[in-house]
Amino acid sequence: MAVLPLVKHFLRVTFYYKVNFIFTFGVPVASIIYSLREQLLQRPDERDTMGLILYWAGYMVVLYALLNSGPALVVLREEQFLKMFLFITGTRWKIIAARFLSQLLILCLSVIILDLICAILFSLPVLKFIGLSLLVIMICELPVYFLFLIFAVLPLRQETITPIINVLIFIFIFISLNSFTTVPVAEGLLVILNPIEYASQTGWALLDLLNGVLPLTRIFLIAAATFLYLLTGYFALKRIRILPIFRN
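Heads up: the sequence shown runs through residues 1 to 248, numbered per the working numbering.
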């Protein structure tokens with residue numbers, strides 16, 4: 001079975017559960033408008049405004065990856081669809097590739113719509129803004145997706161995965177929006193351990209590069225986090241559980 005039919009299947013499933021769009025798209029739009037409500041239809045500082053919007057684009061990167069990576073495989077496993085898909089495709093790589101591509105398409109579309117809305121509301125350069133957002137996605141989405149594959153290795157049941165996702169997202173946002181330390185090493189660890197901060201710092205690094213600044217520290221931290229996330233995903237790929245917990 002080719003990857004494309006699975007991509008179409010996962011797209012249909014994603015669009016069926018429309019409530020997820022409230023959290024993946026509605027929350028960023030509402031938060032951005034509320035934070036910049038005094039600059040609506042004006043022209044605020046371009047760099048700071050783009051930085052804030054790219055932060056929420058990073059949130060979307062992480063949330064889409066989290067919802068469609070390891071936790072989604074746990075649900076498929078516990079409903080015994082993962083075993084069926086594996087029998088049809090012959091390899092878990094095609095299943096994971098199809099899941100990744102389906103959420104990547106929806107993520108890119110959602111971020112482009114977000115950028116268009118924000119560009120109109122805050123008089124931002126549309127093409128540059130969309131280009132930066134898509135670069136953040138291209139750099140961060142695969143590593144973050146690989147990171148969350150670790151959930152498919154753990155002995156988790158379907159009913160426990162949703163609370164874990166909710167708690168994790170809250171923790172990631174809380175840590176990234178609050179400055180707990182000014183120690184450079186500790187701040188660097190936050191970039192590596194918090195995927196939202198990782199995506200946000202990638203956005204800021206691209207903004208710096210666009211303005212002629214070479215942010216070596218940021219680039220090093222982003223590269224370190226990327227390597228760690230991909231390594232975690234590679235480890236997880238070889239150990240993903242296929243059978244439901246009660247059958248193990």
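A portion of the hints provided could be inaccurate.
Here are the computed lysine-lysine pairs in the PhoX-like style, where the Cα-Cα straight-line distance is at most 20 Å [what the hints assert, rightly or not]:
| id | residue 1 | residue 2 |
| --- | --- | --- |
| 1 | K94 | K83 |
| 2 | K83 | K8 |
| 3 | K8 | K128 |
| 4 | K83 | K238 |
| 5 | K238 | K128 |
Don't read these hints as lab results, they were simulated from the structure.
For each hint, the structure was consulted:
Restraint check for K94 and K83: satisfied, since their Cα atoms lie roughly 13 Å apart, inside the 20 Å limit. At roughly 19 Å between alpha-carbon atoms, K83 and K8 fall within 20 Å of each other, so this suggested pair holds. Distance check on the hinted pair: K8 and K128 sit about 30 Å apart at the alpha-carbon level, beyond 20 Å; violated. The hinted pair formed by K83 and K238 meets the criterion: a straight-line CA distance of about 15 Å does not exceed 20 Å.
For a cut-off of 20 Å, the pair hint linking K238 to K128 is broken: about 39 Å separates their Cα positions.
Against the hints set out earlier in the document, violations occur for numbers 3 and 5.
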